[in-house]
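Going line by line, the protein sequences match chains A and B. Residues in the first sequence are numbered consecutively from 1, following my numbering. Residues in the second sequence are numbered consecutively from 1, following my numbering.
Calculated from the structure, these hints are not laboratory results. Don't take every hint at face value.
Pairs count within a copy or across copies, as identical chains cannot be separated in the list.
Claimed, not checked - Simulated pairs of lysine to any residue, SDA-like, Cα-Cα distance not exceeding 25 Å: (1) Lys655 <-> Glu634; (2) Lys344 <-> Arg19; (3) Lys655 <-> Leu480; (4) Lys655 <-> Ile438; (5) Lys833 <-> Pro812; (6) Lys641 <-> Asp631; (7) Lys655 <-> Arg486; (8) Lys833 <-> Gly879; (9) Lys655 <-> Arg370; (10) Lys833 <-> Glu823; (11) Lys655 <-> Asn450; (12) Lys641 <-> Tyr659; (13) Lys833 <-> Glu657; (14) Lys299 <-> Gln643; (15) Lys833 <-> Leu191; (16) Lys641 <-> Ser660; (17) Lys833 <-> Glu16; (18) Lys344 <-> Arg845; (19) Lys641 <-> Leu480; (20) Lys299 <-> Ala421.
There are 2 protein chains.
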Amino acid sequence: MADGTVRRRYVYRFEEGSRDQRDLLGGKGANLAEMTRMGLPVPPGFTITTEASTEYREAGEMPPGLLEEVWHCMRELEHVRGREFGSSNRPLLVSVRSGAPVSMPGMMDTVLNLGLNGETVRGLAQEAGDERFALDCLRRFIQMFGNVVSGIATGDFERILQRTREHAGVESDHHLGVEDLRALISEYRDLYAKRMGHPFPEDPRDQLIAAIEAVFRSWDNPRAVVYRRHHGIADNLGTAVNVQSMVFGNLGDGGGTGVVFTRDPASGEARLYGEYLQNAQGEDVVAGIRTPRPILEMKDVMPDVYRELERISGVLEAHYGDVQDIEFTVENGELFVLQTRSAKRTPTAAVRIAHDMVTEGVINRHEALRRVNPEDLSILLHPSIDVSDEETVVVRGLPASPGAASGRVVFDSDEAERRGAAGERVILVRPETTPDDIHGMVGAQGILTNRGGMTCHAAIVARGMGKPCVVGCADLHIDLASGTARAGSLTLRDGDAITIEGSSGAVYAGEMDLVEPVLTEHFRTFLSWADGVRTLGIRANADTPEDARVARDFGAEGIGLCRTEHMFMEPGRLEAVQAMIMANSEEERWNALEAILPLQRTDFVELFRTMEGLPVTIRLLDPPLHEFLPDLWELREDIRKMQDSGASRADIAMKEELYSRAQSLQESNPMLGLRGCRLGLTRPEIYEMQVRAIFEAMSEVRAHGIEILPEIMIPLVSDVREFRELATMVRRVAEEIGNVGAYLVGTMIEVPRACVTAEAIAQEAEFFSFGTNDLTQTVFGFSRDDAEAKFMHHYLTEGILPDNPFAVLDEPGVGVLVRSGVERGRSGRVDLKIGICGEHGGDPRSIDFCHRVGMDYVSCSPYRIPIARLAAAQAALQGRD
Amino acid sequence: MADGTVRRRYVYRFEEGSRDQRDLLGGKGANLAEMTRMGLPVPPGFTITTEASTEYREAGEMPPGLLEEVWHCMRELEHVRGREFGSSNRPLLVSVRSGAPVSMPGMMDTVLNLGLNGETVRGLAQEAGDERFALDCLRRFIQMFGNVVSGIATGDFERILQRTREHAGVESDHHLGVEDLRALISEYRDLYAKRMGHPFPEDPRDQLIAAIEAVFRSWDNPRAVVYRRHHGIADNLGTAVNVQSMVFGNLGDGGGTGVVFTRDPASGEARLYGEYLQNAQGEDVVAGIRTPRPILEMKDVMPDVYRELERISGVLEAHYGDVQDIEFTVENGELFVLQTRSAKRTPTAAVRIAHDMVTEGVINRHEALRRVNPEDLSILLHPSIDVSDEETVVVRGLPASPGAASGRVVFDSDEAERRGAAGERVILVRPETTPDDIHGMVGAQGILTNRGGMTCHAAIVARGMGKPCVVGCADLHIDLASGTARAGSLTLRDGDAITIEGSSGAVYAGEMDLVEPVLTEHFRTFLSWADGVRTLGIRANADTPEDARVARDFGAEGIGLCRTEHMFMEPGRLEAVQAMIMANSEEERWNALEAILPLQRTDFVELFRTMEGLPVTIRLLDPPLHEFLPDLWELREDIRKMQDSGASRADIAMKEELYSRAQSLQESNPMLGLRGCRLGLTRPEIYEMQVRAIFEAMSEVRAHGIEILPEIMIPLVSDVREFRELATMVRRVAEEIGNVGAYLVGTMIEVPRACVTAEAIAQEAEFFSFGTNDLTQTVFGFSRDDAEAKFMHHYLTEGILPDNPFAVLDEPGVGVLVRSGVERGRSGRVDLKIGICGEHGGDPRSIDFCHRVGMDYVSCSPYRIPIARLAAAQAALQGRD
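The following block holds chain A by itself, in its conformation from the complex (with noise of 0.2 Å):
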């Protein structure tokens, strides 16, 4: 430049660059250059660099001298194809595509067929030897421009396009004759020109730059700036331009288009896998008129085409180390190549894939776990729709715990029951699920509830259980009495088939298709890959036998969390419990205890027996003892049913009794009221008998030749007092009953206050297990079912929070309180043992966290366990890069 400095260089051609250059020439412009220098068939062409788009919108024109370097370009273009752009003798015709350095999919359209006017248009008829051919594709170019470009909607022109096919008496573009083109071409230059102010540019240079500059403002376009915002895209990257010379796969039939994979993205199997079309371009495969034939057949068409093919795929995938997904033109029997990307695949295809690659010796092992989405396995886990309808989705609600299921609405849970145990398939459909409905879950294939948030009593019982379940559907109007459930205009009524997707909430009518989850040699495989790796231990949240049975199948090492509470809740000893909290005195209380105990012991034996030489984590009674009572409005309204129909007084007065019981109960926001550890030292004849029936379970297994390492849990400590209060009466009564071997006292970390004062916690206890679900209650200061009811949607969608952060632990926030409660733990005992079983163990975001802060295991549902194994190692390679 005049001053001495080096001038920025502002385009390059394809020879020039290589997948490196992400950043300057954008993903798209990157990859074409590769393959250009990798001496494939790309169509030539050039790329605008991302430096110039942020120029462009810094000074809002092109910056100097930019324009020189693409009519250099285009001359090039013009000599390499033996064209010439504007010319009507083999005109040189170009795509104009956006391309960021990171993929932003929608932000921007594509123009094709740039350089076409009333010239070139015959110079395209010539070549072609079909003047209709060429009007189209001037007539799409000028719409495409139009809108793309110029921002005319869309519909303007097709409501012109629709006018003439009525006119012209036909029903496809394709019967448009040349006259009716003409007329049409016609008709949208003068909606341009009217819209615009000015005719639409004949001069292709000024086509070229109009579309440059359009594709320069894309990148702020309101759509594109909420795609980065909520992606957290910086706004100054700024987007390349690609320019490259068109062909035609529809110039007759030794052309042809088409997509291939090069390994089957839906099963994984090695082969070929795709779709062609002969005589057609891109646009004709997604305008859907013609089907596209499968790419073996292209064998025996061109044999010649589908064997350079073949090659091509093989030396891409190679080059890449990935599975590739190719778009090909074919023009006159010559194939180009005009993308390439890693293909996506389904989850069952990743993991074959990542599998084979690995014994084809294109890849290692930790770049195979890397390959594979762990979220993407809980897939393979559950039950899946075979093929998904939109259309027949009735209604949807929270997707409560995954998997699919289908059978008949039930409304009731006894019959649920009756019916799942004769074998029937039964949905059942509850406005709520409370305890008293456990039987009813355990006989239905999946359970639908109008209310309730993530963790409410069906999901959470559901998840337990492995069972698809829907809640919180709010849609959808139960009647009980009627025994209907409307939703719009539908009503199902008891017997009719749903079949609900408890991965998305969506609740289709009638039955579908169900595909089996099978769990195939490469996926054990690729998992035990993952466990070579990993660090952080994997444990299951699991209340019963059967779930620890699951748990240890699917690869846990030991039960992170037992919740007790489920034990108290089964049928036959709700009795009991309700006794012991009607009850008068400690004496009454232990009496009804005593009545639990052996049943609760019963669980523990048989626990430990599935569990054997594992760890089990067992939490004491966590939740306020109101969820053992019924509910408060339904009492009300038996009292008053029973005064109204006569009934006892005795009946009557004890049912008032239970009911004020009820009532004293009754807290304001149970959440944060008498529960856990409170519960524990406000009445400890609970804790006392569970901690009594954990031992005892301990000392039978023991005269069995059974080890086991029950780590006892001491749920909601805010204060080191609390845990030293009941970790004495836990030792105390070890001692009291002799021979039970090794066990450890520890707590549960879930409010705020016991990460602050983890240091003197961990002075007394021997590990802690962090509750993440409630302490994600307490930092945000969110109810989770009232918040996901009320709010997080709002949030959500306005990008108020990036996540919902009960799914995945929100490390500024919650994520910082957990760091320094570990690392206060650790100075307060060096050994301690750190887990987390809150529903964030088993979210791979969340475990990535777990591993960098220092944890020694993550505990989460059974079904879950695979992803947290393959999370876990992907967290160790992360953190050895």
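Let chain A serve as the given structure and place chain B on it in line with the hints.
Below, chain B alone, put in the same frame as chain A:
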């Protein structure tokens, strides 16, 4: 010692010690030594050190050499007093008392007259010329020694005494004759021997050894251990033992005993105040058989002694620089001082004395400020009960709003309003209050409820109004239907007189005499000294112009929290608010809000006029909307009644609509639900209306030349993005209205996540106000209402928590997050203004924390402003030490 080390010394004569040796000699011993060194007439004696006690505890036996030292000192005592220990001629008698380094009242009783036995009693009789007197001394000694040293219940001795009185046919011990006493002593000895398995120790040396050991052991008696744990006193301090020769005030009319205060401990007036009893020992005063005479009368009876007492009082007050509470005994015309200590005083006296001592030049202002307990000032700011009579307390609740009030019981708010307006003094008694009861609360002198905690509606509103209030009175069973309230055997009916004491939670039957508060000139001057010292600003939590006026009178420098919800709850507005809630569209909601806007604007105009020139922090609407709707149960009952009484279908439908809306607003944990900024974000019209009202009011008062600095506060922020969106709205509305002057936009910090992410929040917010009520709830995971009703009492009595964290800011837990919020906030914005507006803003210990942590101001209820001013001054002084 034999091994050459210098043996530790265990015993110090009073002449050898000083008041600086509290650690070694205990508080009492150090003071006795100090007075001895000052040359005051203290009966001679010596002190066994705390170190001896500690060695005794560790070794379980008397430290070697200790007794030798004791006997040595005893011989000196014999010499000084011209008496002999154990002699029947002028026997030396001593008292033995414990004395720890820190005051532990009631930990260990005193043993008087030690040295008496069958022999020495004769010498005493001879000396006194009164055998009956001497035998009575012996009788008392056996009883006291038997109880204090040997642990025999006092009741066992009292039963024998009772029988002896009955046998002798007399009513009072004083009328027992010599023979009666001899028989009694014999029975006492029998009791002792039977209980202890050995006879009563006749040898005075054995008596002394046993008494010393008993004092040593008393350090570890259960009540001392509990006391220390409760007050955080180290277990290894140990207690000293004071052995002092007895003097007798009851040897004739030339003797007597009494207590004198150097100033009036009730009024603070600078004159001797006290009582004396001629020919008596201290015990007689305690027994209450004879009525002591005012100290002034002594002037006539024994003028020389009185002058000496006056002189000594002056010397001691000047020496200690504080009002003294002095015990004295006159033995045959000779004055002995037995004890001196800083006098307990009423709050009125405390302020006056502190004030006067500064003007007298005895102490400086800083010392004066340190002398007054801020908490005590609340007595000076509210009416109080003149003479409290525990026997008339019928029931107790939570002390929700301080001060006493008398009046007639009224169960209905309308009636309370009517009768209050008619000039009658009434107490509103309700199960709990709701916004519908405001008018009744306005009309009543005080409020009493059966339900609710320290932050229930009644408590908050009453504190705001400065009205006495007792809530959560669980033992008061209110039956609105019959218009009665039962408490134990008492039934209160409409119109019965009661008195409530909102500082203690006591409820009295009948109208007690009340004393109105007087803000004396002493008090005002004293507080002005506090203002000169403190660095913390003091603001008030005030919602109405009336509150604001009270606050300004008390010295508030601004409003730190104006809760706008009370503006929504005022009668006449609730309808509009309910219409807003019932609205089905944004437009309907705006219409309803338009009706509220001018009313809110008027509120703000008045508030701004009152607070001219000062900052006013206005919190946008915080509570969940269902608080503005009728109770769900009541609505259901209403509908049922309407159905039964055949109301019109349209009316029922309307009620059902209200019910359905109220139901849809129900939450599991409203504390953690749709409130604060969550409400502001999901229903933006409400906040926009409020902000509009504020700015329109600003604009209006500015037109009248009134400047004000509003600080608009967004509640319950957990993430900066919540704040950003709402702050943008606030600034937009300010611009739309124009001419609003300066204002700040800031946030309340009341959930842990806000503390943790404070740096980011402070980059957008101009001030922080710590809402430590909610922060305490979320840090502990305690719902305040539920905790106080269900388990806080247990936690406090069992020492699981040292203080109720809702009353005293929990420094190790909540405080850590507050501190980190302050630090992170200031690193996000250097000049961030930081205050506190939770209840803790009025608690002295919490104010000290706020000072240390570097806040700019505290804000508290208007009636606690003087307390806060003093506490802030003390905090500043503490920081300078």
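Do the hints match the structure? See the list:
1. Lys655 <-> Glu634: Both: 11 Å inside a chain and 21 Å across chains, each within 25 Å.
2. Lys344 <-> Arg19: within (19 Å within a copy, 85 Å between copies)
3. Lys655 <-> Leu480: So lysine 655 and leucine 480 pass the 25 Å test inside a copy (24 Å) and across (22 Å) alike.
4. Lys655 <-> Ile438: Classified as within; 23 Å inside a copy, 36 Å across copies.
5. Lys833 <-> Pro812: Intra 24 Å, inter 24 Å, cutoff 25 Å: intra and inter.
6. Lys641 <-> Asp631: Cα proximity of lysine 641 and aspartate 631: in one copy and across copies (15 Å, 22 Å).
7. Lys655 <-> Arg486: between (34 Å within a copy, 23 Å between copies)
8. Lys833 <-> Gly879: Intra 21 Å, inter 41 Å, cutoff 25 Å: intra-copy only.
9. Lys655 <-> Arg370: neither (60 Å within a copy, 59 Å between copies)
10. Lys833 <-> Glu823: within (12 Å within a copy, 31 Å between copies)
11. Lys655 <-> Asn450: Classified as between; 24 Å across copies, 28 Å inside a copy.
12. Lys641 <-> Tyr659: Answer is both: 14 Å inside a copy and 22 Å across each meet the 25 Å cutoff.
13. Lys833 <-> Glu657: neither (45 Å within a copy, 54 Å between copies)
14. Lys299 <-> Gln643: neither (84 Å within a copy, 80 Å between copies)
15. Lys833 <-> Leu191: neither (72 Å within a copy, 60 Å between copies)
16. Lys641 <-> Ser660: Intra 17 Å, inter 23 Å, cutoff 25 Å: intra and inter.
17. Lys833 <-> Glu16: neither (55 Å within a copy, 57 Å between copies)
18. Lys344 <-> Arg845: within (21 Å within a copy, 62 Å between copies)
19. Lys641 <-> Leu480: both (18 Å within a copy, 24 Å between copies)
20. Lys299 <-> Ala421: neither (55 Å within a copy, 100 Å between copies)
Violated hints for the displayed structure, listed by number in ascending order: 9, 13, 14, 15, 17 and 20.
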